[in-house]
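Next come the chains, spelled out residue by residue.
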Amino acid sequence: MVANAQTPVIECRGLTKVFKDFWLRPRVTAVDGLDLVIEPHQVFGLLGPNGSGKSTTIKMILGLLFPTKGRIAIFGKLPTDVETKARIGYLPEESYLYRFLNARETLDFYGRIFNLPRSERNKRIDMLLEMVGLEGVQRRPVGEYSKGMQRRIGLAQALINDPDLLILDEPTTGLDPLGTRQIKDLILHLKQRGKTVLLCSHLLADVEDVCDRVTVLYGGRIRALGTIEELLSVSDSTQIETERLEPALVAKVRELIEKEHRKVHKVEAPRRKLEALFLEIVQKALSEGAATSGAKTGGAVAEFLAAGAAPAPADEGRQVIAGLVEAAKPAPPPEVSKPEPAAPAADARVLDALTAPKPEAKPASEEKPSPPKAVDRSVIDDLLKKDDPS
Amino acid sequence: MTSAAVRWGGRFALSLAAWAAVEGLVWLGGAGDPLASAPGRAAAGVFAGAWLFIAGFALLRLLLGLEWSPLGVARAVVEEAVRMRLAVAFIGLLIFILAALPAMQDAETPLRYRVQTFLSFGLGATATLLSLLTVFLSCASLSNEIQDHRIFTVMSKPIGRGPYLLGKWLGLMLLNALLLAVAGTLVAGFTWQLARETGVDTGDALSVRREVLTARESRAPEPADDLEKRALARLNQLKKDGSPLLVEMREDALYAQLVGQEKKQWLSLAPHGQETYVFDGLGDAKREGREIQVRYLLRASQAPPENTVTIALEINGRTGTLRTKVNDYQLMSVPPEAVDEDGRLTLRFINENRRHPKQTFETTLTFPPGDGLEAMYERGGFAGNFARGLAILWLKLGFLAMFGLAAATFLSFPVAALMTLAVFVVAAASGFLIDALAYFGDNERSETLKSATSAVRWTGLLLAEILGPYSRYAPAPKIVDGRYIPFGDVLGCAASIGLVWTGLSAAVAWLIFRARELARVQV
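Line by line, the protein sequences give chains A and B.
Take 1 as the starting number for the first sequence in the working numbering and just add one per residue.
Take 1 as the starting number for the second sequence in the working numbering and just add one per residue.
Be aware that a few hints might be false.
Result set (SDA-like, lysine to any residue): computed pairs, CA atoms no more than 25 Å apart in a straight line [as the list claims (entries may be wrong)]: (1) A:Lys77 <-> B:Arg516; (2) A:Lys20 <-> B:Asp148; (3) A:Lys20 <-> B:Leu411; (4) A:Lys147 <-> B:Ser3; (5) A:Lys147 <-> B:Asp148; (6) A:Lys20 <-> B:Arg83; (7) A:Lys20 <-> B:Leu66; (8) B:Lys358 <-> B:Phe410; (9) A:Lys147 <-> B:Leu35; (10) A:Lys69 <-> B:Leu518; (11) A:Lys147 <-> B:Leu66; (12) A:Lys123 <-> B:Glu248; (13) A:Lys69 <-> B:Phe410; (14) A:Lys123 <-> B:Asp148; (15) A:Lys20 <-> B:Ser3; (16) A:Lys123 <-> B:Leu518; (17) A:Lys123 <-> B:Glu306; (18) A:Lys20 <-> B:Pro158.
Calculated directly from the structure, the hints in this document are not laboratory data.
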């Protein structure tokens with residue numbers, strides 16, 4: 001069920017959507033001549049402020065809206081093609097579910113629409129309920145769920161068919177950090193399995209963490225399109241991250257850099273992310289067996305979603321959710337800063353000098369991209385004070 | 001034994017005990033047969049209705065569990081109706097009405113009338129409540145799904161818009177089948193229970209069996225002369241004479257009135273006058289040796305003493321005296337031997353007291369057109385007739401369900417419900433509307449208003465004619481009168497209302513639904 005590598009998963013050409021009023025006069029141009037190609041195995045981010053045309057584009061891709069101009073092909077076919085829809089999973093911007101059905105019945109309802117055999121359906125439902133942490137409340141009507149729990153069951157319904165293309169419209173809205181992290185890990189996991197994900201969000205951090213390529217829409221038009229690397233790399237500065245350095249050593253580094261006629265903008269001690277702290281607290285409560293009537297921590301990725309995943313280095317794929325536990329532990333000092341696209345010769349010499357006594361440091365190519373940290377001037381001040389004989 | 005079976009077994013035992021307790025209390029209260037009292041009947045109705053519904057719902061779920069995606073949609077419709085308490089409210093209201101009805105009737109009224117009243121109101125309430133439920137549920141089920149965007153999730157799945165609509169309709173049809181089965185069982189059960197009660201006399205109890213809890217084929221007399229020809233001749237004469245009637249009335253309306261007069265004339269007996277009525281198509285009754293029941297109603301132009309007249313009746317050349325009530329339906333038994341070899345029964349009524357001609361009460365007697373005079377014979381049992389009647393109701397509900405869905409494909413819930421309700425009312429009253437609109441605006445003098453009233457009349461007539469079969473296939477009056485509902489009626493209803501109307505509504509619904517955008521501007 002993996003898309004043919006030759007065929008783009010989604011291809012929009014000159015896509016335009018003009019909403020008209022009662023008298024058929026053009027009122028709003030929601031999408032204006034959009035050209036978009038999403039290749040297989042990509043996690044593609046659709047970014048933009050409210051009203052930029054993201055959701056309209058998604059609805060046209062799903063055949064819920066018809067383009068005014070232009071064309072769309074999903075797996076090379078029309079969006080209204082029923083067979084194509086069997087390969088799509090969709091989580092709308094809000095969980096539009098039958099309030100009177102419980103979680104299990106909800107998944108069964110959608111599973112039946114995919115014509116999944118009963119035994120397979122039940123197996124998947126069990127796995128998905130466990131994955132999204134709702135197995136304990138599966139008999140409660142969805143209408144009684146909190147918003148976050150509804151998002152979880154919404155996510156589960158989007159995955160019931162093990163889709164080749166997963167369309168997520170604001171997937172983390174209403175979710176706690178645990179759920180947010182789980183969705184991000186799940187996206188990475190699906191990508192590893194060769195799936196294609198279209199992520200629509202205005203939470204930039206989420207997109208940055210998981211997307212290969214992004215496009216930024218404004219006024220229904222593409223304002224930027226490219227890989228995260230292409231769009232976010234800062235070519236005129238270098239960030240080095242090491243074990244904690246003594247103030248004297250920091251001064252030496254500073255001196256060394258300044259000797260090369262380079263400016264040091266900031267020296268800071270990294271801080272943990274609030275997300276990591278939150279996950280640690282929840283994990284601790286879980287290990288203490290604290291009771292909750294809400295959703296539990298999600299379980300491992302459902303087996304049917306994990307099956308067929310390429311063996312990942314460090315077994316990353318099968319342990320996505322288990323990774324939550326590790327994420328909840330006090331974060332080790334961040335390993336590396338952003339990868340450098342092309343370091344100038346002078347920078348290379350500085351790096352060599354710095355890394356020489358620490359041969360165990362990991363090469364930059366294995367490092368995870370990390371957004372720039374906020375400047376903590378107090379660390380620099382401390383360093384300067386201690387090194388300053390006055 | 002699974003825990004669910006234990007749980008349901010416990011609930012059944014508990015409700016059984018509660019029912020027995022209520023019946024026991026009624027019995028201790030000195031009401032005699034608990035089922036003859038309103039509280040006892042209500043308790044039995046609640047118990048039977050609730051468990052019939054639960055068992056039927058379980059069966060329905062099994063059926064809806066079959067692997068076919070439209071059935072998944074159908075199941076959601078059924079679950080919505082049940083869990084949103086709509087279906088439960090319907091059954092509750094019906095049980096209340098059925099239990100209360102006998103208590104509201106006078107015990108001095110002949111049992112036959114009480115049973116007929118109960119049947120009439122019970123079936124009427126069932127049909128009306130189910131129609132309303134179908135109208136609102138069909139409109140709400142689709143328009144709310146579009147309104148609150150649930151359809152986004154469903155339509156992003158591999159189900160076409162046609163199969164989705166089919167699933168919705170199947171859900172409504174199966175829910176209606178369940179509710180109709182439960183309601184029908186309750187109405188029939190209460191009817192049989194009521195029929196067991198003591199009548200005002202032995203004839204009363206017998207007439208319940210002969211005239212209500214039966215299914216009788218009916219034959220109306222055919223006039224020997226062509227009444228329409230006679231009416232046309234009269235019209236031509238009026239034209240020739242330059243009658244002012246032709247100025248006051250439209251020609252077609254005048255002709256219709258003349259035909260009515262001719263028929264009335266044929267069905268009238270002047271003092272000392274006589275008329276022969278031939279009933280055809282009674283060969284089956286003769287072959288099967290079934291008794292012929294001549295059912296008639298005589299209206300007298302002047303009320304005779306004790307509302308009774310003495311007239312003569314001739315069958316096969318033998319004349320007898322008949323002392324009969326006027327202004328009330330009467331039943332007269334005729335042996336099957338009276339039917340000739342061609343299956344015809346010939347009756348000659350003479351408005352004269354043959355024994356004492358001078359004592360003849362001088363009044364014109366008239367059999368009202370319609371069901372004023374007919375020959376009947378038993379063709380089948382009450383249960384089968386009742387079931388065929390329910391099948392017709394179900395087919396009609398199927399049309400309403402599809403029309404409601406079609407309206408909801410492009411209208412919001414209140415507008416769609418209002419439109420479907422309007423069609424239901426026009427369809428149900430189409431017979432009356434056709435009669436009422438025939439003369440609408442005839443007395444209008446102003447030419448402008450005449451054109452306007454004419455447009456209203458023809459639009460109304462067209463609509464009423466199109467929707468006519470809805471009121472023509474009305475099983476309740478037939479069941480109440482113990483008239484046979486032929487299987488052909490069920491097939492006819494299935495063809496005209498089921499296939500043509502529902503099919504047309506489905507085609508319109510599909511065309512609109514597949515062409516419409518399900519999302520709206522949100523920028």
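Evaluated hints:
no.	hint	in the structure
1	A:Lys77 <-> B:Arg516	holds, 20 Å
2	A:Lys20 <-> B:Asp148	holds, 21 Å
3	A:Lys20 <-> B:Leu411	holds, 18 Å
4	A:Lys147 <-> B:Ser3	violated, 32 Å
5	A:Lys147 <-> B:Asp148	holds, 15 Å
6	A:Lys20 <-> B:Arg83	violated, 38 Å
7	A:Lys20 <-> B:Leu66	violated, 43 Å
8	B:Lys358 <-> B:Phe410	violated, 74 Å
9	A:Lys147 <-> B:Leu35	violated, 51 Å
10	A:Lys69 <-> B:Leu518	holds, 18 Å
11	A:Lys147 <-> B:Leu66	violated, 32 Å
12	A:Lys123 <-> B:Glu248	violated, 80 Å
13	A:Lys69 <-> B:Phe410	holds, 23 Å
14	A:Lys123 <-> B:Asp148	violated, 30 Å
15	A:Lys20 <-> B:Ser3	violated, 57 Å
16	A:Lys123 <-> B:Leu518	violated, 32 Å
17	A:Lys123 <-> B:Glu306	violated, 81 Å
18	A:Lys20 <-> B:Pro158	violated, 29 Å
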